[in-house]
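Here are the chains, one letter per residue:
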Amino acid sequence: MTDEQIIRYIKGELDESERTEVVSWIKSEDCNFRHFSKLQLAETFREMEHEALSDEEAKERLAAAGWPDTANQKWKKKSGWLSIITRIAAILLIPLTVVGVWTISRKNGQIKYLTESTNAERIIPIQDAASSTYIVHPGVQGDVILPDGSRVRLNSASTLKCPDRFDEQARVVELSGEGFFEVEGNPDWPMYVKTSKGLTVKVTGTRFNVSSYENDPALKLTLVEGSVMVIHEATDRQYKVLPNEEMVFYDGRPTLPHKQEVDVLPAIIWKDGILLFENTQMPEVIKKLERWYCVDIIPQDPAIMEMRFTASFESESLTRVLQLLKITSKIDYRIEGKQVFLTR
Amino acid sequence: MNDLKTLTDAIRAGSEVAFEAFFRAEFSNVAFFVNRYIHDRCQAEDIAQEAFLALWKHRDNLDTERNLRNYVLTIARNRALNWLRDVIARQGGTLEAHEALIHSRILQDPEVDQRIDALETEQMLARVFNSLPEKVREMFRLNREEGMTYTEIAAKHGVSTKVVEYNIVLALKAFRKALPDPDF
Numbered sequence: 000m001t002d003e004q005i006i007r008y009i010k011g012e013l014d015e016s017e018r019t020e021v022v023s024w025i026k027s028e029d030c031n032f033r034h035f036s037k038l039q040l041a042e043t044f045r046e047m048e049h050e051a052l053s054d055e056e057a058k059e060r061l062a063a064a065g066w067p068d069t070a071n072q073k074w075k076k077k078s079g080w081l082s083i084i085t086r087i088a089a090i091l092l093i094p095l096t097v098v099g100v101w102t103i104s105r106k107n108g109q110i111k112y113l114t115e116s117t118n119a120e121r122i123i124p125i126q127d128a129a130s131s132t133y134i135v136h137p138g139v140q141g142d143v144i145l146p147d148g149s150r151v152r153l154n155s156a157s158t159l160k161c162p163d164r165f166d167e168q169a170r171v172v173e174l175s176g177e178g179f180f181e182v183e184g185n186p187d188w189p190m191y192v193k194t195s196k197g198l199t200v201k202v203t204g205t206r207f208n209v210s211s212y213e214n215d216p217a218l219k220l221t222l223v224e225g226s227v228m229v230i231h232e233a234t235d236r237q238y239k240v241l242p243n244e245e246m247v248f249y250d251g252r253p254t255l256p257h258k259q260e261v262d263v264l265p266a267i268i269w270k271d272g273i274l275l276f277e278n279t280q281m282p283e284v285i286k287k288l289e290r291w292y293c294v295d296i297i298p299q300d301p302a303i304m305e306m307r308f309t310a311s312f313e314s315e316s317l318t319r320v321l322q323l324l325k326i327t328s329k330i331d332y333r334i335e336g337k338q339v340f341l342t343r
Numbered sequence: 000m001n002d003l004k005t006l007t008d009a010i011r012a013g014s015e016v017a018f019e020a021f022f023r024a025e026f027s028n029v030a031f032f033v034n035r036y037i038h039d040r041c042q043a044e045d046i047a048q049e050a051f052l053a054l055w056k057h058r059d060n061l062d063t064e065r066n067l068r069n070y071v072l073t074i075a076r077n078r079a080l081n082w083l084r085d086v087i088a089r090q091g092g093t094l095e096a097h098e099a100l101i102h103s104r105i106l107q108d109p110e111v112d113q114r115i116d117a118l119e120t121e122q123m124l125a126r127v128f129n130s131l132p133e134k135v136r137e138m139f140r141l142n143r144e145e146g147m148t149y150t151e152i153a154a155k156h157g158v159s160t161k162v163v164e165y166n167i168v169l170a171l172k173a174f175r176k177a178l179p180d181p182d183f
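If you read the sequences in order, they're chains P and Y. Taken in order, the first sequence gives residues 0 to 343; the numbers are from numbering that gives the first Met the number 0. Taken in order, the second sequence gives residues 0 to 183; the numbers are from numbering that gives the first Met the number 0.
By construction, these hints were calculated from the structure, which means they are not laboratory data. Ideal placement from N, C-alpha and C gives every residue a C-beta, glycine not left out. Don't take each hint at face value.
Label pairs and their calculated CB-CB ranges [said to hold, decoys possible]:
id	chain 1	residue 1	chain 2	residue 2	range
1	Y	92	P	282	41 to 49 Å
2	P	305	Y	129	48 to 56 Å
3	P	1	Y	84	25 to 33 Å
Below 16 Å or equal to it, Euclidean Cα-Cα: the simulated EDC-like pairs (lysine to aspartate or glutamate) are [claimed, not checked]:
id	chain 1	residue 1	chain 2	residue 2
4	P	58	Y	15
5	P	58	Y	95
6	P	160	P	147
7	Y	56	Y	8
8	P	26	Y	95
9	Y	134	P	54
10	P	329	P	305
11	P	10	Y	39
12	P	270	P	313
13	P	58	Y	45
14	P	10	P	54
15	P	196	P	224
16	P	58	Y	44
17	P	239	P	260
18	P	270	Y	110
19	P	201	P	215
Extracted from the complex, chain P is given alone in its bound form:
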């Protein structure tokens, strides 16, 4: 399904059989729905600056709606009950929208962590309780509120596993992918974020971003505020990270991290829906685009992987991103269903 056809659908330009086709495409996969939803919202809000009505038109419409007769009662004081009810209704509106996120991908299941060792001094505590797994598909982001009130924004194609209740000793969660954490402060109740790379992040109250995709060659931790410790599980070695620092642990040599001072914004800007590339190498660009737009990108010329790309996108369609890539880097593209082929 091309973006052009989807946009025509959004604008109501299609006939019934074409509409049926678009609708069954949207329903066939969650990923397609996400893509449609993204485009739908972008298209709708892009056009939200319409001209004002003419004076007459406005008067007619207001009259049709019973105005200003409705207004004549305006000086009557509302009964206390009614005003309480409207207030309650306003409060109820908010949780309803939050529930939407939770229901996306909540799964329940008992899990237990490995207990093969019986170290008395376990550096990373074991959490033994019913847990939930939050899965965020490619092409979408999700918010999770942890049982202690801490917040996590999950980037596309990420998973977070956390217990339904944290135990008294520690707060342990498991992350695969990328998440921006805002952890409620409590020095006596540390939080441990475990990753599949054999590294665990230990924090007591802080804001940080951790990216640990399985198909990325490194774990990257960026600290905004507070302080965190990264623990290498096999050796119990600990590495301290300070605000405005970024620490990168490459697969294969996890005990030799690379640390540098950075501007944290580029690392966390994804959480505001912005896709940013700053002289980024193509392998990383491709992976980010794949997660962001839920597609497979296949470069058909090895020279492409040597190139770099600088741009920032906010709610642009994939086609527009690819067009820009074509203009700036002379990389041509061909979309076939959910596959994108890059050629030179």
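The hints should help you fit chain Y onto chain P, whose structure is shown.
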């Protein structure tokens, strides 16, 4: 946000002038927004009208910290959702019901709130200002350029103080901070 706050204040205090100007300025956007999800122009316009009237009806409870546009779009969205649920329930299995299901899912996405929050208010306020009655804008100019007090303006235009108080002054107040440019 100060400018918006004063516009909200004016409506909350019962200024019909301010409400009508806001209605003129924003109606098309709300109707357009609803129509994008229900694909029924007439129905969308009805829902938009209802949303504005609901805003007026409940103006006593308006939160001054909240953007008026958010308020009206949120009401419209909830009404659109009710309408979509109705379609799903009554026309189950049809193409329309499938579309309604897809659109109700999108409308419930928190991204809608984020996008509503992110809408620029500057252009909207300019539209509201231009939608004010000629007389009010003229009074605004007198106040801004010639430094006339509201009482003097009321006297000059031969309107009662009450009219000035409940309608015009409130509308003016809404834009005193918003549009410092005296050319208006």
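So, going through the hints one by one against the coordinates:
Taken as a hint, the range 41 to 49 Å holds for the pair residue 92(Y) and residue 282(P), whose Cβ atoms sit roughly 46 Å apart. Hint check: residue 305(P) to residue 129(Y), Cβ distance near 54 Å, so the stated range 48 to 56 Å holds. Distance hint check for residue 1(P) and residue 84(Y): the Cβ-Cβ separation is about 31 Å, which falls inside the suggested range of 25 to 33 Å. Using a Cα cut-off of 16 Å, the hinted pair residue 58(P) and residue 15(Y) holds, with the two alpha carbons roughly 12 Å apart.
The hinted pair formed by residue 58(P) and residue 95(Y) fails the criterion: a straight-line CA distance of about 33 Å is larger than 16 Å. A C-alpha spacing of about 14 Å is found between residue 160(P) and residue 147(P), which places the hinted pair at or below 16 Å, so the restraint holds. The hinted pair formed by residue 56(Y) and residue 8(Y) meets the criterion: a straight-line CA distance of about 14 Å does not exceed 16 Å. Taking the CA atoms of residue 26(P) and residue 95(Y), the gap is near 13 Å; set against the 16 Å cutoff, the hint holds.
The straight-line distance between the Cα atoms of residue 134(Y) and residue 54(P) is roughly 14 Å, inside the 16 Å bound, and the hint therefore holds. A hinted pair counts as satisfied when its Cα atoms are at most 16 Å apart, and residue 329(P) with residue 305(P) qualifies at roughly 13 Å. The suggested pairing of residue 10(P) with residue 39(Y) holds, with an alpha-carbon distance near 12 Å, which does not exceed 16 Å. Between residue 270(P) and residue 313(P) the CA atoms are separated by roughly 11 Å; this keeps the pair inside 16 Å, and the hint holds.
Restraint check for residue 58(P) and residue 45(Y): the C-alpha separation of about 15 Å stays at or below 16 Å, so the hint holds. Distance hint between residue 10(P) and residue 54(P) is unfulfilled; the C-alpha atoms sit about 27 Å from each other, more than 16 Å. About 24 Å separates the Cα atoms of residue 196(P) and residue 224(P), which puts this hinted pair outside 16 Å; it is violated. Among the hinted pairs, residue 58(P) with residue 44(Y) is consistent with the structure: their alpha-carbon atoms are about 14 Å apart, no more than 16 Å.
As the CA atoms of residue 239(P) and residue 260(P) are separated by approximately 13 Å, the hinted pair is consistent with the 16 Å bound. Under the criterion of a C-alpha separation no larger than 16 Å, the hint pairing residue 270(P) with residue 110(Y) is consistent with the structure, at around 12 Å. Our distance criterion of 16 Å between C-alpha atoms is broken by residue 201(P) and residue 215(P), whose separation comes to about 21 Å.
In summary, the numbered hints that this structure violates are 5, 14, 15, 19.
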